[in-house]
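Novice: My request is simple: use the sequences and hints to build the entire structure.
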Amino acid sequence: MKGVVLALIAVIIVAAIGIGVWYYVSTPPPKKLLKVGTSPDFPPFEYIDEKGNVVGFDMDLIRALAKKIGYDDIEIITMDFDALIPALKQGKIDVIAAGMTITEKRKEEVDFTIPYWNADQAILVRKASDFRPKSPDELAGRKVGVQTGTTGEYYIVDYENRTGIDIDIKSYSSFVLAVQDLVNGRIDAVIVDTPVASMFEKQYDVVVSAIIKTGEQYGFAVRKGETELLNKLNQALDEFMKSAEWSKLVQKYFGSG
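According to numbering that gives the first Met the number 0, the sequence shown is numbered sequentially starting from 0.
If you're looking for bench data, these hints aren't it; they were derived computationally from the structure.
All values reported here derive from a predicted model rather than from experimental measurement.
Be aware that a few hints might be false.
What the hints assert, rightly or not - Here are the simulated lysine to any residue pairs, SDA-like style, with alpha carbons at most 20 Å apart: (1) K142 - V206; (2) K91 - R222; (3) K169 - D180; (4) K34 - I84; (5) K88 - T102; (6) K223 - T102; (7) K133 - E159; (8) K50 - M78; (9) K88 - E225; (10) K34 - R222; (11) K231 - P114; (12) K241 - P114; (13) K91 - D79; (14) K126 - K142; (15) K30 - K67; (16) K106 - E152; (17) K104 - P114; (18) K223 - G90.
Specialist: Take a look at the structure:
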(Lines of atoms letter the chains of each structure in order from A; the text may use other names.)
(Lines give C-alpha, C1' and ligand atoms only; values in the text may rest on other atoms or scores of the structure.)
Protein backbone atom coordinates (compact mmCIF):
# COMPACT_ATOMS: atom_id res chain seq x y z
CA MET A 0 0.00 0.00 0.00
CA LYS A 1 2.82 2.33 0.93
CA GLY A 2 4.42 1.71 -2.45
CA VAL A 3 1.17 2.58 -4.22
CA VAL A 4 0.91 5.86 -2.32
CA LEU A 5 4.49 6.77 -3.13
CA ALA A 6 3.94 5.93 -6.77
CA LEU A 7 0.81 8.08 -6.82
CA ILE A 8 2.70 10.98 -5.25
CA ALA A 9 5.43 10.60 -7.85
CA VAL A 10 2.86 10.69 -10.64
CA ILE A 11 1.30 13.84 -9.19
CA ILE A 12 4.71 15.53 -8.90
CA VAL A 13 5.65 14.63 -12.46
CA ALA A 14 2.27 15.86 -13.70
CA ALA A 15 2.64 19.13 -11.80
CA ILE A 16 6.11 19.67 -13.23
CA GLY A 17 4.78 18.91 -16.70
CA ILE A 18 1.95 21.42 -16.31
CA GLY A 19 4.42 24.03 -15.07
CA VAL A 20 6.74 23.45 -18.00
CA TRP A 21 3.80 23.57 -20.43
CA TYR A 22 2.55 26.83 -18.92
CA TYR A 23 6.01 28.38 -19.07
CA VAL A 24 6.53 27.33 -22.68
CA SER A 25 3.02 28.18 -23.91
CA THR A 26 2.70 31.54 -22.09
CA PRO A 27 4.76 34.25 -23.77
CA PRO A 28 6.68 36.60 -21.49
CA PRO A 29 5.08 40.02 -20.95
CA LYS A 30 5.96 42.62 -23.54
CA LYS A 31 8.55 45.22 -22.65
CA LEU A 32 6.76 48.51 -23.23
CA LEU A 33 8.06 52.07 -23.19
CA LYS A 34 5.43 54.24 -21.50
CA VAL A 35 4.97 57.32 -23.68
CA GLY A 36 3.06 60.37 -22.47
CA THR A 37 1.46 62.69 -25.01
CA SER A 38 -1.29 65.24 -25.56
CA PRO A 39 -3.02 64.18 -28.81
CA ASP A 40 -4.17 67.60 -29.99
CA PHE A 41 -1.09 68.68 -31.92
CA PRO A 42 -1.43 67.44 -35.52
CA PRO A 43 0.47 66.06 -37.34
CA PHE A 44 2.76 65.23 -34.41
CA GLU A 45 0.06 63.60 -32.27
CA TYR A 46 -3.68 63.40 -32.81
CA ILE A 47 -6.61 60.98 -32.66
CA ASP A 48 -7.58 59.36 -35.97
CA GLU A 49 -11.06 58.39 -37.17
CA LYS A 50 -10.75 55.03 -35.41
CA GLY A 51 -9.95 56.63 -32.07
CA ASN A 52 -6.27 55.71 -32.13
CA VAL A 53 -3.52 58.10 -31.07
CA VAL A 54 -1.30 58.50 -34.12
CA GLY A 55 1.12 60.99 -35.63
CA PHE A 56 4.71 61.80 -36.47
CA ASP A 57 5.89 61.65 -32.86
CA MET A 58 4.12 58.35 -32.23
CA ASP A 59 5.67 56.69 -35.27
CA LEU A 60 9.08 58.10 -34.42
CA ILE A 61 9.16 57.16 -30.74
CA ARG A 62 7.81 53.67 -31.55
CA ALA A 63 10.63 53.15 -34.05
CA LEU A 64 13.21 54.36 -31.54
CA ALA A 65 11.77 52.20 -28.76
CA LYS A 66 12.11 49.08 -30.89
CA LYS A 67 15.67 50.02 -31.82
CA ILE A 68 16.68 50.22 -28.15
CA GLY A 69 15.14 46.93 -27.07
CA TYR A 70 11.46 47.55 -26.34
CA ASP A 71 8.71 45.46 -27.94
CA ASP A 72 6.41 48.44 -28.40
CA ILE A 73 5.14 51.61 -26.74
CA GLU A 74 2.22 52.19 -24.40
CA ILE A 75 0.62 55.55 -25.15
CA ILE A 76 -0.75 57.45 -22.16
CA THR A 77 -2.69 60.63 -22.95
CA MET A 78 -3.21 63.72 -20.81
CA ASP A 79 -3.31 67.51 -21.00
CA PHE A 80 -0.03 69.02 -22.17
CA ASP A 81 0.68 70.81 -18.90
CA ALA A 82 0.31 67.51 -16.99
CA LEU A 83 3.08 65.75 -18.94
CA ILE A 84 6.15 66.92 -17.01
CA PRO A 85 4.55 66.23 -13.60
CA ALA A 86 3.55 62.74 -14.81
CA LEU A 87 7.11 62.08 -15.98
CA LYS A 88 8.60 63.22 -12.68
CA GLN A 89 6.13 61.02 -10.77
CA GLY A 90 7.13 57.94 -12.79
CA LYS A 91 3.76 57.50 -14.48
CA ILE A 92 5.43 57.63 -17.90
CA ASP A 93 8.96 56.98 -19.19
CA VAL A 94 9.19 59.59 -21.93
CA ILE A 95 7.29 62.60 -23.25
CA ALA A 96 6.62 62.65 -26.99
CA ALA A 97 4.46 65.69 -27.56
CA GLY A 98 6.11 68.18 -29.88
CA MET A 99 7.70 69.67 -26.78
CA THR A 100 10.05 72.61 -27.28
CA ILE A 101 13.40 72.36 -25.54
CA THR A 102 13.65 75.34 -23.17
CA GLU A 103 16.01 76.26 -20.35
CA LYS A 104 13.09 76.33 -17.91
CA ARG A 105 11.97 72.82 -18.84
CA LYS A 106 15.57 71.56 -18.71
CA GLU A 107 15.51 72.35 -15.00
CA GLU A 108 12.89 69.61 -14.57
CA VAL A 109 13.59 67.05 -17.33
CA ASP A 110 16.35 65.90 -19.65
CA PHE A 111 15.86 66.27 -23.40
CA THR A 112 17.11 64.22 -26.31
CA ILE A 113 18.87 65.85 -29.21
CA PRO A 114 16.39 67.99 -31.19
CA TYR A 115 14.45 66.38 -34.02
CA TRP A 116 12.34 69.28 -35.36
CA ASN A 117 12.54 73.05 -35.81
CA ALA A 118 9.59 75.42 -35.41
CA ASP A 119 8.49 79.02 -34.91
CA GLN A 120 5.19 80.50 -33.71
CA ALA A 121 2.32 81.52 -35.99
CA ILE A 122 -0.62 83.88 -35.61
CA LEU A 123 -3.70 82.03 -36.83
CA VAL A 124 -6.90 83.93 -37.73
CA ARG A 125 -10.28 83.22 -39.36
CA LYS A 126 -10.36 83.15 -43.14
CA ALA A 127 -13.63 85.07 -43.19
CA SER A 128 -12.25 87.86 -41.02
CA ASP A 129 -10.57 91.02 -42.29
CA PHE A 130 -8.23 90.90 -39.30
CA ARG A 131 -4.73 90.08 -40.60
CA PRO A 132 -2.15 91.00 -37.93
CA LYS A 133 1.45 91.01 -39.13
CA SER A 134 3.04 91.36 -35.70
CA PRO A 135 2.11 90.75 -32.05
CA ASP A 136 1.62 94.52 -31.62
CA GLU A 137 -1.55 94.26 -33.67
CA LEU A 138 -3.05 91.84 -31.16
CA ALA A 139 -3.62 94.73 -28.74
CA GLY A 140 -7.17 94.67 -27.41
CA ARG A 141 -7.88 91.34 -29.13
CA LYS A 142 -8.88 87.97 -27.70
CA VAL A 143 -6.02 85.55 -28.34
CA GLY A 144 -6.11 81.81 -27.66
CA VAL A 145 -3.15 79.73 -26.52
CA GLN A 146 -2.68 76.24 -25.12
CA THR A 147 -1.78 76.08 -21.44
CA GLY A 148 1.87 75.29 -20.78
CA THR A 149 3.08 75.81 -24.35
CA THR A 150 5.82 78.10 -25.60
CA GLY A 151 3.14 80.03 -27.50
CA GLU A 152 1.54 80.90 -24.18
CA TYR A 153 4.91 81.76 -22.63
CA TYR A 154 5.77 83.96 -25.60
CA ILE A 155 2.61 86.06 -25.72
CA VAL A 156 2.40 86.49 -21.94
CA ASP A 157 6.05 87.61 -21.85
CA TYR A 158 5.47 89.89 -24.85
CA GLU A 159 2.52 91.54 -23.12
CA ASN A 160 4.53 92.04 -19.93
CA ARG A 161 7.57 93.46 -21.76
CA THR A 162 5.70 95.84 -24.03
CA GLY A 163 2.77 96.84 -21.83
CA ILE A 164 0.40 96.05 -24.70
CA ASP A 165 -2.97 94.85 -23.40
CA ILE A 166 -3.87 91.49 -24.97
CA ASP A 167 -6.87 89.46 -23.80
CA ILE A 168 -5.17 86.07 -23.51
CA LYS A 169 -7.38 83.00 -23.15
CA SER A 170 -5.74 79.69 -22.24
CA TYR A 171 -7.14 76.34 -23.41
CA SER A 172 -6.40 72.74 -22.46
CA SER A 173 -5.88 71.96 -26.17
CA PHE A 174 -5.15 73.79 -29.41
CA VAL A 175 -8.15 72.11 -31.04
CA LEU A 176 -10.52 73.85 -28.62
CA ALA A 177 -8.78 77.17 -29.25
CA VAL A 178 -9.07 76.80 -33.03
CA GLN A 179 -12.73 75.81 -32.75
CA ASP A 180 -13.41 78.97 -30.75
CA LEU A 181 -11.51 80.94 -33.39
CA VAL A 182 -13.64 79.49 -36.19
CA ASN A 183 -16.81 80.26 -34.21
CA GLY A 184 -15.77 83.87 -33.64
CA ARG A 185 -15.28 83.65 -29.88
CA ILE A 186 -11.65 84.75 -30.15
CA ASP A 187 -9.71 86.74 -32.74
CA ALA A 188 -6.47 84.75 -33.09
CA VAL A 189 -4.52 81.73 -31.89
CA ILE A 190 -0.78 81.54 -31.23
CA VAL A 191 0.43 78.09 -32.27
CA ASP A 192 3.57 76.37 -33.57
CA THR A 193 4.09 76.79 -37.32
CA PRO A 194 3.92 73.12 -38.41
CA VAL A 195 0.67 72.66 -36.49
CA ALA A 196 -0.74 75.93 -37.83
CA SER A 197 -0.19 74.60 -41.35
CA MET A 198 -2.16 71.47 -40.49
CA PHE A 199 -5.02 73.50 -38.98
CA GLU A 200 -5.17 75.53 -42.22
CA LYS A 201 -6.03 72.29 -44.03
CA GLN A 202 -8.63 71.22 -41.48
CA TYR A 203 -10.42 74.47 -40.58
CA ASP A 204 -11.39 77.81 -42.13
CA VAL A 205 -8.34 79.53 -40.70
CA VAL A 206 -5.20 81.07 -42.16
CA VAL A 207 -1.72 81.98 -40.93
CA SER A 208 -1.52 85.76 -40.75
CA ALA A 209 2.08 86.06 -39.57
CA ILE A 210 5.11 84.03 -38.49
CA ILE A 211 6.88 84.96 -35.27
CA LYS A 212 10.51 83.82 -35.47
CA THR A 213 11.25 82.06 -32.19
CA GLY A 214 13.76 79.43 -33.38
CA GLU A 215 12.36 76.55 -31.36
CA GLN A 216 13.44 72.90 -31.40
CA TYR A 217 11.46 69.84 -30.32
CA GLY A 218 12.90 66.98 -28.29
CA PHE A 219 11.72 63.94 -26.35
CA ALA A 220 11.92 64.30 -22.57
CA VAL A 221 12.97 61.76 -19.94
CA ARG A 222 13.31 61.98 -16.17
CA LYS A 223 16.34 63.73 -14.73
CA GLY A 224 19.11 61.22 -14.19
CA GLU A 225 17.78 58.58 -16.62
CA THR A 226 21.13 58.69 -18.40
CA GLU A 227 21.03 55.18 -19.86
CA LEU A 228 17.63 55.68 -21.50
CA LEU A 229 18.59 59.16 -22.70
CA ASN A 230 21.83 57.96 -24.29
CA LYS A 231 20.09 55.07 -26.03
CA LEU A 232 17.37 57.34 -27.39
CA ASN A 233 19.93 59.88 -28.57
CA GLN A 234 21.96 57.27 -30.43
CA ALA A 235 18.87 55.71 -32.00
CA LEU A 236 17.45 59.13 -32.93
CA ASP A 237 20.71 60.29 -34.48
CA GLU A 238 20.94 57.12 -36.59
CA PHE A 239 17.26 57.28 -37.57
CA MET A 240 17.49 60.89 -38.75
CA LYS A 241 20.33 59.93 -41.08
CA SER A 242 18.39 57.02 -42.59
CA ALA A 243 15.89 56.63 -45.41
CA GLU A 244 13.28 55.82 -42.75
CA TRP A 245 13.41 59.44 -41.58
CA SER A 246 12.71 60.79 -45.06
CA LYS A 247 9.77 58.40 -45.43
CA LEU A 248 8.34 59.49 -42.09
CA VAL A 249 8.63 63.19 -42.94
CA GLN A 250 7.04 62.53 -46.32
CA LYS A 251 4.17 60.65 -44.68
CA TYR A 252 3.17 63.50 -42.39
CA PHE A 253 4.48 66.65 -44.05
CA GLY A 254 4.65 65.75 -47.72
CA SER A 255 8.31 66.69 -48.13
CA GLY A 256 11.63 65.14 -47.22
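Novice: Hints first: check each against the structure and report whether it holds.
Specialist: To see whether the hints hold, each was checked on the structure:
{"no.": "1", "hint": "K142 - V206", "result": "holds, 16 Å"}
{"no.": "2", "hint": "K91 - R222", "result": "holds, 11 Å"}
{"no.": "3", "hint": "K169 - D180", "result": "holds, 11 Å"}
{"no.": "4", "hint": "K34 - I84", "result": "holds, 13 Å"}
{"no.": "5", "hint": "K88 - T102", "result": "holds, 17 Å"}
{"no.": "6", "hint": "K223 - T102", "result": "holds, 15 Å"}
{"no.": "7", "hint": "K133 - E159", "result": "holds, 16 Å"}
{"no.": "8", "hint": "K50 - M78", "result": "holds, 19 Å"}
{"no.": "9", "hint": "K88 - E225", "result": "holds, 11 Å"}
{"no.": "10", "hint": "K34 - R222", "result": "holds, 12 Å"}
{"no.": "11", "hint": "K231 - P114", "result": "holds, 14 Å"}
{"no.": "12", "hint": "K241 - P114", "result": "holds, 13 Å"}
{"no.": "13", "hint": "K91 - D79", "result": "holds, 14 Å"}
{"no.": "14", "hint": "K126 - K142", "result": "holds, 16 Å"}
{"no.": "15", "hint": "K30 - K67", "result": "holds, 15 Å"}
{"no.": "16", "hint": "K106 - E152", "result": "holds, 18 Å"}
{"no.": "17", "hint": "K104 - P114", "result": "holds, 16 Å"}
{"no.": "18", "hint": "K223 - G90", "result": "holds, 11 Å"}
No hint from the list above goes unmet by this structure.
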